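K.L.:
If you want the building blocks of each chain, they are given just below.
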Amino acid sequence: GAGVSQSPSNKVTEKGKDVELRCDPISGHTALYWYRQSLGQGLEFLIYFQGNSAPDKSGLPSDRFSAERTGGSVSTLTIQRTQQEDSAVYLCASSSQGWENTEAFFGQGTRLTVV
Amino acid sequence: KNQVEQSPQSLIILEGKNCTLQCNYTVSPFSNLRWYKQDTGRGPVSLTIMTFSENTKSNGRYTATLDADTKQSSLHITASQLSDSASYICVVTGYGNNRLAFGKGNQVVVIP
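These protein sequence lines are chains A and B, in that order.
Take the first sequence: its letters are residues 1 to 115, numbered as in our numbering.
Take the second sequence: its letters are residues 1 to 112, numbered as in our numbering.
Hints listed in this document are in silico derivations from the structure and should not be mistaken for laboratory results.
In silico negatives: residues of chain A with every beta carbon more than 10 Å from chain B:
#1 T13
#2 E20
#3 D24
#4 K57
#5 S66
#6 G72
Stretch-level coverage of chain B by chain A, calculated; a stretch enters the list once three of its residues show a Cβ under 8 Å from a Cβ in chain A:
#7 43-57
#8 85-93
#9 103-109
It should be emphasised that the depicted structure is a prediction, and the values quoted were computed from it without experimental measurement.
Note that beta-carbon positions come from the ideal geometry of N, C-alpha and C, so glycine has one too.
Chain A with its partners taken away, still in its complex shape:
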């Protein structure tokens, strides 16, 4: 596709349920980032992928959060046993292995609401 695609765009789930959020980066982009943005707050780093490996998982808030990336492309962020404090917009960004003009392209985000 032309841009970073995230799905679903909105997700409402009951507390305690598991959810999967998907990110389709721009074709050929090797770097992929997951962030979340709570209401009125700034970006909170979750995890960074380079290819299929995740050299930095330091932002994952708990062991209920996990992410994987396959084929150097699609990434899935999984939240197990969701809690109300997980409610946020989850943003995905990708960038190419370029140099001087490296730019991160963001998806529209997935708005997760845990009720």
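Given chain A, work out where chain B should sit, using these hints.
P.N.:
Chain B in isolation, oriented as in the chain A frame:
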């Protein structure tokens, strides 16, 4: 510790006034710095990019400055408009690894 710090976290300004947003970073070595604008409910969109040798870059009413020696950047908004209400995010690229470091953003609200 976050490698990119932005201030103020949020500010409210009157329509027509100017404002300046700050970004301090510790990423080293440094490749480039971008400012993004994120409208509510949308993904961030790039405004400006500056490399090590550039001191200033303009995009309409937005002017970004960079001091690579002190590792500081600013984004100046001139004659603010209601449509400038958004979050402004500073993103720094490390040289050699292309790792991106994101600030948490400056939340700007322009009121009539």
